[in-house]
Every structure is written in C-alpha cells, then in structure tokens.
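**Q** Take a look at the letters that make up each chain.
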Amino acid sequence: MSQVVLQTDSLTKRFGDFTALSRCDLQVHRGEVVGLLGPNGSGKTTLLRLILGFLKPTDGSAEVQGLNCYRQRVQIHRLISYLPGDARLFRTMRAKQVVRFFSDIRDDSDWGMAEEVASRLELDLNRWVAFMSTGMRQKLALTVCLSTRAPILLLDEPTANLDPSVRGEVLQLVRQARDEGRTVIFSSHVLSEIEETCNRVLILRQGRLVHDQSITDLKRQHRIRARLVGQLPDMPELLKSEVSVVQQDDRIQIETPAQLSQVMSWLSQAPLDDVHIQPISLRAVYDRFHSEWVEDDS
Amino acid sequence: MNQPIINRALCRKYFTESLLLLIACAAALFAFSWFRVWVVGELDTARFKQIVDMLPEDWRKFSSVDFDWLVSYLGRTSLTLEEPMLLMIISIWAIVRGSDVVSGEVSRGTMEMLLAQPVSRYRVYYQHMLLTLAVALGFCLLVWMGMSIGIMTTSVEETTYPEILVPLTDYRIPLTFLGAQTEVVAMDSRVSPLQFFPGIVNLFSFVFFMSCLAAFCSSWDRYRWRTLGLVIGLYLLNAMVELLSLSSETFAWLGFFNFFGYYAPAPAIQLAESGPSALFQWVVVGQKGLDAGPLAQNLILFGLGLILLVWGGYKFNRRDLPAPL
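Residue numbers (my numbering), protein chains in the order written: chain A, 1 to 298; chain B, 1001 to 1325.
Careful: at least some of the hints might be erroneous.
To be verified - Straight-line distance between alpha carbons at most 25 Å, and here's what the computed DMTMM-like set of lysine to aspartate or glutamate pairs gives:
| id | chain 1 | residue 1 | chain 2 | residue 2 |
| --- | --- | --- | --- | --- |
| 1 | A | Lys240 | A | Asp274 |
| 2 | B | Lys1315 | A | Glu195 |
| 3 | A | Lys96 | A | Asp107 |
| 4 | B | Lys1315 | B | Asp1291 |
| 5 | A | Lys219 | A | Glu63 |
| 6 | A | Lys96 | A | Asp59 |
| 7 | B | Lys1061 | B | Glu1242 |
| 8 | B | Lys1315 | A | Glu242 |
| 9 | A | Lys219 | A | Asp249 |
| 10 | B | Lys1315 | A | Glu63 |
| 11 | A | Lys96 | A | Asp86 |
| 12 | A | Lys56 | B | Glu1242 |
As the list claims (entries may be wrong) - Ranges between beta-carbon positions, derived for each pair:
| id | chain 1 | residue 1 | chain 2 | residue 2 | range |
| --- | --- | --- | --- | --- | --- |
| 13 | A | Gly16 | B | Leu1243 | 39 to 45 Å |
| 14 | A | Ser10 | B | Leu1243 | 36 to 42 Å |
| 15 | B | Arg1318 | A | Met235 | 28 to 34 Å |
| 16 | A | Asp108 | B | Leu1141 | 53 to 59 Å |
| 17 | A | Asn126 | B | Leu1020 | 20 to 26 Å |
| 18 | B | Leu1306 | A | Gly16 | 55 to 61 Å |
| 19 | A | Gln27 | B | Lys1315 | 29 to 35 Å |
| 20 | A | Arg149 | B | Pro1276 | 57 to 63 Å |
| 21 | B | Tyr1314 | A | Gln27 | 31 to 37 Å |
| 22 | B | Leu1020 | A | Arg127 | 16 to 22 Å |
| 23 | A | Gly16 | B | Gln1281 | 49 to 55 Å |
Claimed, not checked - Here chain A is said to cover these stretches of chain B; the calculated rule only asks that three of the stretch's residues, wherever they fall, bring their Cβ under 8 Å from a Cβ of chain A:
| id | stretch |
| --- | --- |
| 24 | 1010-1018 |
| 25 | 1102-1115 |
Honestly, the hints are just simulated from the structure, not real lab data. Note that beta-carbon positions come from the ideal geometry of N, C-alpha and C, so glycine has one too.
Next up, chain A with everything else stripped away, as it sits in the complex (with noise of 0.2 Å):
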C-alpha cells in the first residue's frame, strides 16, 4: 500500500448543540483520487475546512504527512491547495494581480502554469474581478488552485456554476493531477463526475461517514432483481459474507461485490422469474443513504 497522506482519527467537529462531523475515520493515500458526496450539510466542507486547520476539532485529529492539521496548519498548506466551495477573490485586483499575487506568496506556484490553466479554462485574465460572473471567478479561483505543484489538491465543488465545456476540462486536469502523483479530494453533488474521476468515494450523511468504497469495488457490483416463484436455495458459504438479499413479498433484490459467475451459478437453481441484472451505480449506493426507499435506478 502506497503512503498514508491524509488520516482522521475520530475526528468530529461540533457548533453548540450541532455536529458538523462526527468521529470521522479516513485514511487517503498518495495518488488517490478521492470524491466526498453528501447533502448539503452532511459534513463534507466541514471535514475539509478541518484539514485546512480552519476549524479545531472538538474531539479527533487530522493529520496531513503527519503533521497535525490544527497545530502545523501552516506546514500543512505548503502542501495543499485548496479551492473553497464559494471562492470569493480581491474586487480590486484584476484576475492577473489574483494570480500573481497567490503566485507570490506561495513558492511553489508557477505562473506559466497559471497562464496554460487559464487558457484552458477559457479565462480572460484582464478582467477585474469585480465585473466577473460567478461563474468567471469560479474559473479565476481555479486557475489560482491548479498552477501549484502542492502535492495535494483540496477541491470543494470544482465545477460548479461552470458550463460543461469548462466542467470537462476542470475534470481533465484533476485526472492529469492523478497522473502526475498528487492526492485529489473533491467534493461535488454531480455523482457522475465522481464515477468518472476518482477511484476512491466517501459519502457522508448528517455529518458521519457512512461509506467508503473504492470505484473498482463498485464497478464490480451488480443488482439482481426478480421474481420470486419458490424456495430460494441455500447461499454458498462462500458468498455469505458479500452477497445482500433483499425480499419483499415475491420481489427479490440481490446485491453483489463478488463476481457475478458464482452467484449466477447458485441462482440457477433458484426458482426465478422476469429477472434484471444490472451493474449498480453510484446513483443507487448514494440513494442507499440518502432515499427513504431505494427504487429503480435505470
């Protein structure tokens, strides 16, 4: 297993009576590519603005190539580069003087860099910034995150209010930033997006973690669903541990991370009718968490 880069121990983060994050367990290794999913308020800013050492942790730690994110914050940011999720730049600067000014006060941005992302992103960088559309400055504060060497990038909804063109370049250079060996954590309500970027997703809900799985993992599974019209045969032993079987009245739904031949092979002698096999998505191990009742995806 490659290097740990980024490990929460039951961090959690409450205001008052309310709990942002909640004993959040997270091991991030080098060169992964990392997808945050969740609600609006299920905790995912909150756990990168903790890593960022912008909030204290009530209880836990996060600890970025070992230093802790609160105490060596600064350290800590030599490392990253961090796109907020509302980036909000100087009205009186224009988009050039953004540019070269984080390119100052940081060693290890490059303004070529800053140029070709600009250009990628179609980005005039002439333009004050007080006259730019959301949508402009969401391209500025991209350009401002993109053109570090940081070893981790930190992006809290990329693409928003960008229009698809755009959308797919921000998505090229976050797989260019794999290729190169950096760490990616972003964050996004587009569950595509992460399907296509990232090998790795976390989603969250009211603040806790409740699933981490790999995009290999999940591209392996499959839902069976189908008609129940007898007895189902006894499970193999030795897919006990992996296969889910839902039943509700004759309806029969089946979950599968194992390949699908054994379990393709103890179905047939089950006595099944009008039966459907898809690969399940990410759309319905999201809605897993966040739908009163899981229905057809297709």
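Using the hints, position chain B against chain A.
**A** Relative to the frame of chain A, chain B by itself:
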C-alpha cells in the same frame, strides 16, 4: 522555513485596497492643517483676546488649556490638533482599516483563500496592522508638515502701541492715546514647528489606540458592518463621557475612564514651553487639579493599544474561521 518579516505580496495587497482612502485622508489632513494655521494668522491676537474675554466664564471649563495661553499664537495653533475635523479624518482611517483586518476579509469571503496559503494568521493580522499604523504615523507627520508649512508661509498682523521705557526699569508703558500701529510679522517668528512635536506624539498615540481597538473588535467578529458599528459607538460614547467629565466637577473623574481623556495635545505643547523635561511627567496639576501628564497619557494609549493588538492577534489565531455566507 523562515519568512521575511515583511511579506511584500500582502503589503502590496493591503496598500492597493486602501489607496483611495489613503489619498483622500492624506489630502484632507494636509490641507486642513495648513488651512487651520492660515486661519489663525487671519485674526489679530488682540482682537481674538477681545472675543475670548467676552466668552462666559463657564465656558472656560471646556478648554483643555488656560484661556490666557490660548490667545497666544502657539495656543491657537495648538488647537489645530484638537479640532474635531482633524480627529474625525484620522479616526476614519484608524477605524476603517482596523476593522478590515479580520472581519473585513471574513465578510467579503476572501479570508478563506488567503488563509489556505502558507501564511500564518499572525502574519496576516500583523502585516495588515503594520501598514495601517505606518500610514497613521505618516498622517501624523503630514499634519505636522501641513502646520509647519502653514507657519512658514503665514504672516500675521499685530496691533501695537508706541511705548516708552521707564528709566532704570524694564517696564514699558504703551502710549494708547497716540493710536494703534499695525505691524506684519512672519508667524514663524512667533512659533516654531518643533514646539508641536509633543502634540503630534499624542495624536499618534491616539490613532494607534483607535486602530488597535478596531482591530481587536474585528478579530472577534465576522461582519464588518457590526465591527464598524461597535467601534463608532464606542467612539461616540467616549466623546460623550469626556464632555460630561468636562461639564461637571461631579463627573470629572470620568475623564480617567475614556480614551479622549488621554488625548490632550495642547496642554502637552503648553507644558513643553517650560522645557522638554516637563513632557516626562507622570502627573501634572492642571486647571482642574491633578491630571495625567503627557508621559502617562501617551503610555496609557500606547499600552492599552498594544494589549488590544496582541489580544486581537491571539483571538484571531485561535478562533474558527467561519465559512463565507
């Protein structure tokens, strides 16, 4: 990694952000100081004394200096430093820039990106304050320069009478029956710009305190409008308390419990006439009894300001950074 004390990028940013206000305040302070000295030159001392003598006795208590000294050129020019207009302009700088340090950046939502860079909160806080205080010092020197240029370029008309010297004595007797003579003299032959130095030091200690108070309030807050409201409220409250302490002997003790009570440039200038050593007095006996001396006044303003500055920095370093709204 050791970083230089002055971060040029941050300095440039703060300077750019405050440039318009800086130019406006600098122009206003310089012009006002010069103009105020010119106005002094326009009014003959003898005539001014007549006006002052007509004022009700009760009004004397609102003056920080004795009326007899007030009618002199030095006294009247010293009052430039106590003009509400001058105090207002320099306080605008202190309050506006001081309040911007934390809650300004937080409420604009720009603190998030700024603090995500490898720069400590202390550096952000103190760098901002360093520039604010350096400019405030520049403003005080500009006031001094404006007054000095005013003194050097203004001529005053003085009404005199022919005199005869009483033999074997130093007494001179004005011969008023011969009629008044008007004489034009350069103001710098009556006052020297150096005499205002104690007042300028007191002005800087006041603006230092105001800037630090605003920065302290800013370090606790997330809304700049609230910080501004709070500091302006405190400013007005202190001004009222000072007025109350001056208007009634019963409340004279309140003079020790408001920051305007420690801002007294004209008495410091008056004291300095008797020699620079007078400026190093902790207490003085003034018109209303025992009062804080120039040294105590300046040290109290600088000391309290420094405490608020350090406390504000500590608070900012420890607090959670609120998400932009």
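**Q** What are the numbers of the hints that this structure violates, sorted from low to high?
**A** 2, 4, 5, 6, 8, 9, 12, 14, 15, 16 and 18
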